[in-house]
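So the sequence lines, in the order shown, correspond to chains D and F. Each residue of the first sequence is one higher than the one before, counting from 1 in the working numbering. Each residue of the second sequence is one higher than the one before, counting from 330 in the working numbering.
These aren't lab readings, by the way, just hints derived from the structure by calculation. Among the hints, erroneous ones may be present.
[Claimed, not checked] Not the full set, but computed from the structure, chain F residues with beta-carbon under 7 Å of chain D:
#	residue
1	Trp349
2	Tyr363
3	Cys372
4	Val379
5	Phe381
6	Pro383
7	Glu412
[Stated by the list, open to error] Okay, derived cross-link-like pairs now, DMTMM-like style, lysine to aspartate or glutamate, Cα gap no bigger than 25 Å in a straight line:
#	chain 1	residue 1	chain 2	residue 2
8	D	Lys12	F	Glu392
9	D	Lys17	F	Glu392
10	D	Lys17	F	Asp399
11	F	Lys416	D	Glu16
12	D	Lys8	F	Asp395
13	F	Lys350	D	Asp107
14	D	Lys12	F	Glu370
15	F	Lys421	D	Glu239
16	F	Lys393	D	Asp19
17	F	Lys364	D	Asp19
18	F	Lys371	D	Glu16
19	F	Lys421	F	Asp395
20	D	Lys267	D	Glu281
21	F	Lys390	D	Asp107
22	F	Lys364	D	Asp233
23	F	Lys350	D	Glu16
24	F	Lys371	D	Glu281
25	D	Lys267	D	Asp309
26	D	Lys17	F	Glu336
27	D	Lys12	F	Glu341
28	F	Lys416	D	Asp13
29	F	Lys364	D	Glu239
30	F	Lys416	D	Asp233
31	F	Lys390	D	Asp233
32	F	Lys416	D	Glu239
33	D	Lys12	F	Glu423
34	D	Lys12	F	Asp359
35	D	Lys97	D	Asp107
36	F	Lys416	D	Glu213
37	D	Lys17	F	Glu397
38	D	Lys267	D	Glu130
39	D	Lys8	F	Glu392
Virtual Cβ for every residue (Gly too), placed ideally from N, Cα, C.
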Amino acid sequence: MQTETEWKFTAKDIAEKPDLFLSGHRACAGCGPATVLRLIMKAVRGPTIVTNATGCMEVVSSIYPYTSWAVPWLHTAFENAAANASGIDAALKILKKKRRIKHEHVDIIALAGDGGTYDIGIQALSGAVERGHDFLYVLYDNEAYMNTGIQRSGGTPLGASTTTSPAGTVIPGKLEHKKPIADIMVAHDMPYVATASPYYWRDLLVKVRKGLEVNGPAFLHVFAPCPRGWRSDPAKSIELSRLAVETCIFPLWEAVNGDYQLSTPSKVFALAPQKKKPVKEYLQVQGRFRHLFTPKFEKLTEEIQRVTDERWKRLLKKCGVEQRAKTTA
Amino acid sequence: MRVTAKEKSWKEISPAGVCWKASTQFLTGDWKTYKPVRDLEKCTRCLLCVLFCPDGAIHWKPEKGDIEFDYNFCKGCGICANECPAKAIEMKLE
Ligand SMILES: Cc1ncc(C[n+]2csc(CCOP(=O)(O)OP(=O)(O)O)c2C)c(N)n1
Ligand code: SF4
Ligand code: SF4
Ligand code: SF4
Numbered sequence: 001m002q003t004e005t006e007w008k009f010t011a012k013d014i015a016e017k018p019d020l021f022l023s024g025h026r027a028c029a030g031c032g033p034a035t036v037l038r039l040i041m042k043a044v045r046g047p048t049i050v051t052n053a054t055g056c057m058e059v060v061s062s063i064y065p066y067t068s069w070a071v072p073w074l075h076t077a078f079e080n081a082a083a084n085a086s087g088i089d090a091a092l093k094i095l096k097k098k099r100r101i102k103h104e105h106v107d108i109i110a111l112a113g114d115g116g117t118y119d120i121g122i123q124a125l126s127g128a129v130e131r132g133h134d135f136l137y138v139l140y141d142n143e144a145y146m147n148t149g150i151q152r153s154g155g156t157p158l159g160a161s162t163t164t165s166p167a168g169t170v171i172p173g174k175l176e177h178k179k180p181i182a183d184i185m186v187a188h189d190m191p192y193v194a195t196a197s198p199y200y201w202r203d204l205l206v207k208v209r210k211g212l213e214v215n216g217p218a219f220l221h222v223f224a225p226c227p228r229g230w231r232s233d234p235a236k237s238i239e240l241s242r243l244a245v246e247t248c249i250f251p252l253w254e255a256v257n258g259d260y261q262l263s264t265p266s267k268v269f270a271l272a273p274q275k276k277k278p279v280k281e282y283l284q285v286q287g288r289f290r291h292l293f294t295p296k297f298e299k300l301t302e303e304i305q306r307v308t309d310e311r312w313k314r315l316l317k318k319c320g321v322e323q324r325a326k327t328t329a
Numbered sequence: 330m331r332v333t334a335k336e337k338s339w340k341e342i343s344p345a346g347v348c349w350k351a352s353t354q355f356l357t358g359d360w361k362t363y364k365p366v367r368d369l370e371k372c373t374r375c376l377l378c379v380l381f382c383p384d385g386a387i388h389w390k391p392e393k394g395d396i397e398f399d400y401n402f403c404k405g406c407g408i409c410a411n412e413c414p415a416k417a418i419e420m421k422l423e
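Could you put together the complete structure from these sequences and hints?
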C-alpha cells in the first residue's frame, strides 16, 4: 500500500511514468476523455485489469488489430461495465484461493461514458456496488452519447443542443437538468465517491489512487469535454474543464463513507465567492449552447445560473463549509 | 474495405477478437493541419503540455532534461499551445 506522502505526484513523476493508454488511438483531435484516460492510467499502483463499456473510448482504443491498452483490457457491452468488473473480481478471488495467480492483489477499473452510466449501465453499477465488489468505476462524462452521434443522456445539461434534443423553434435544447449521478452513488453507502476534472490533474490522480486503494467499490466522476459534441474548439478542452470548476457548474468533492468534503480546487470558490465566474463564461464558448445567446432563449442562461448556485449551496452545506459573504471590494 | 494480404481474414481472427498490435504502430500524425512549434527560450519545462496532450505526443526526456514532440502522433489539436503557461508554443500551418 502506498502512503499518503507518496501520492504527491509531481508533473515530472507523471511525465516519467510510461503511458499505459498508448498513442495511436483514434480519438478526435482535442478529445477530453483521451487526456483523462492517459492521466488515469498514470495513477495505477500495480497489476491492473481494465474493462470498458461500448462508447468512444472503447471504439477508438480497440480498432482491430490494434489496441491502445498496455494492460489486460476487456470490452463489454454498453450496459454492463460494472457487471464485467464484478465477474473479474469474483474470478480473481477464486484464482487466488486456488493459488493460480501469483499476484497478491489485482486492481480492477471499469470505464464507461455518461450514456453507459447515467442511463444504461446504472442498474449493473448499482448492483455491483450493493454486492460490494472491489473495483474502481470511472465515469468519463462528455455529457452525451458521442460515439453514436451526439444523442442526449441523463448527463447532458439543460439547454444543450444534441441530435435528440435539438435547439430550434420549439425547444431550447435539452429540457431537463443533469442528473446528480455522483450523489446517487453516495446514497449507496459506498466507501469512496469523488468528482474530478483533468485540468486539476494532481487532484484527479490522487482520487484515482484513493479509489483503487479503498477496499470495496469506488466511483469517480470525471468531467471530459468533447469538442465534436460540444461544438467547441479542440484546443479548449482542458480550458473548459477548468471553467466548469471555476463557474461551480462542476464542483470537485469527495465522499468517504458518505462524508462529503470539498476538494482544494473548489474550496477557493467557497472561501472567496467573488472568484466564482458566471456560467455564461463557460456556456458562450460552446456551440451546443449558441442558441442561448439569442433573445428567444436568453432566459435559460439565468435558469442554468440559478440551479448551479442552488446545487453549489447545497454541496457546501453537505461539506460543512459556510460560504463567506460576497465581499464588494 | 478490402482486407490486405497482411491482415487476417475473419476466419483467422480469434473468436474473442483479440487485438494484438500496439496502436503505437498506427501513426495518427497525418491528421494534423497545424503543428505545434515551441520557442526553446520561452519554455520553462513545466511539463504541463506533456500531461494534457490527449495523444501522448509530447515526451519528457530526463536524460536531456527537455521535452520532445512526436509528430507521428500529434493531431494538431492545439491543447498544448492553449495550456502552456509560458506561451511558448505556436500552432503553425503544416
Ligand atoms: C443496449 C445498447 N443500446 C445502444 C447501443 C449503441 N451504442 C453504442 S455506444 C453508444 C453511445 C455511448 O455513449 P456514452 O456511454 O455516453 O459514451 P461516449 O460515446 O460518449 O464516449 C450507443 C448508443 C448499444 N451498443 N447497446
Ligand atoms: S466524439 Fe468526442 S469523446 Fe468521442 S473521440 Fe471524438 S472528441 Fe472524443
Ligand atoms: S507547457 Fe510550455 S513551458 Fe511547459 S513544458 Fe510545455 S512548452 Fe514548455
Ligand atoms: S497539438 Fe495536440 S496532439 Fe499535438 S502535441 Fe499539442 S496537445 Fe498533443
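Hint by hint, here is what the structure shows:
1. Trp349: Check passed: Cβ of Trp349 of chain F comes within 6 Å of chain D, closer than 7 Å.
2. Tyr363: violated, 9 Å
3. Cys372: violated, 13 Å
4. Val379: OK, holds: Val379 of chain F within 7 Å of chain D, min 5 Å.
5. Phe381: At about 5 Å, which falls below the 7 Å cut-off, the nearest Cβ of chain D leaves the hint on Phe381 of chain F intact, so it holds.
6. Pro383: Status holds, d = 4 Å.
7. Glu412: With a closest approach of 5 Å, the Glu412 of chain F hint holds.
8. D:Lys12 with F:Glu392: holds, 13 Å
9. D:Lys17 with F:Glu392: With Cα atoms ~14 Å apart, Lys17 of chain D and Glu392 of chain F stay inside 25 Å; holds.
10. D:Lys17 with F:Asp399: holds, 17 Å
11. F:Lys416 with D:Glu16: holds, 23 Å
12. D:Lys8 with F:Asp395: Holds. Lys8 of chain D to Asp395 of chain F sits at ~22 Å (cutoff 25 Å).
13. F:Lys350 with D:Asp107: Distance ~24 Å between Lys350 of chain F and Asp107 of chain D Cα, so the pair holds.
14. D:Lys12 with F:Glu370: It holds: about 20 Å lies between the C-alpha atoms, which stays within 25 Å.
15. F:Lys421 with D:Glu239: Since the Cα atoms of Lys421 of chain F and Glu239 of chain D sit roughly 20 Å apart, the hinted pair holds (cutoff 25 Å).
16. F:Lys393 with D:Asp19: Holds, because 19 Å separates the two Cα atoms, which is no more than 25 Å.
17. F:Lys364 with D:Asp19: Given pair Lys364 of chain F, Asp19 of chain D holds - Cα atoms ~22 Å apart, limit 25 Å.
18. F:Lys371 with D:Glu16: With a Cα-Cα distance of about 22 Å, the restraint between Lys371 of chain F and Glu16 of chain D holds, given a limit of 25 Å.
19. F:Lys421 with F:Asp395: holds, 21 Å
20. D:Lys267 with D:Glu281: Between Lys267 of chain D and Glu281 of chain D the Cα gap is close to 20 Å, so the pair holds against 25 Å.
21. F:Lys390 with D:Asp107: Given that 25 Å is the threshold and the Cα spacing comes to 29 Å, the pair is violated.
22. F:Lys364 with D:Asp233: holds, 16 Å
23. F:Lys350 with D:Glu16: holds, 23 Å
24. F:Lys371 with D:Glu281: Violated - the C-alpha atoms of Glu281 of chain D and Lys371 of chain F are around 29 Å apart, more than 25 Å.
25. D:Lys267 with D:Asp309: holds, 15 Å
26. D:Lys17 with F:Glu336: Roughly 32 Å between the alpha carbons, so the hint for Lys17 of chain D and Glu336 of chain F is violated.
27. D:Lys12 with F:Glu341: At roughly 44 Å apart (the allowed maximum being 25 Å), Glu341 of chain F and Lys12 of chain D break the hint.
28. F:Lys416 with D:Asp13: Cα-Cα ~23 Å, so holds.
29. F:Lys364 with D:Glu239: Holds, at roughly 19 Å.
30. F:Lys416 with D:Asp233: holds, 18 Å
31. F:Lys390 with D:Asp233: With a Cα-Cα distance of about 29 Å, the restraint between Lys390 of chain F and Asp233 of chain D is violated, given a limit of 25 Å.
32. F:Lys416 with D:Glu239: holds, 14 Å
33. D:Lys12 with F:Glu423: It is violated: about 30 Å lies between the C-alpha atoms, which goes past 25 Å.
34. D:Lys12 with F:Asp359: violated, 29 Å
35. D:Lys97 with D:Asp107: holds, 17 Å
36. F:Lys416 with D:Glu213: violated, 38 Å
37. D:Lys17 with F:Glu397: Roughly 15 Å separates the two Cα atoms, so the pair holds.
38. D:Lys267 with D:Glu130: violated, 31 Å
39. D:Lys8 with F:Glu392: holds, 23 Å
Checked against the numbered hints given earlier, the structure breaks hints 2, 3, 21, 24, 26, 27, 31, 33, 34, 36, 38 and satisfies all the rest.
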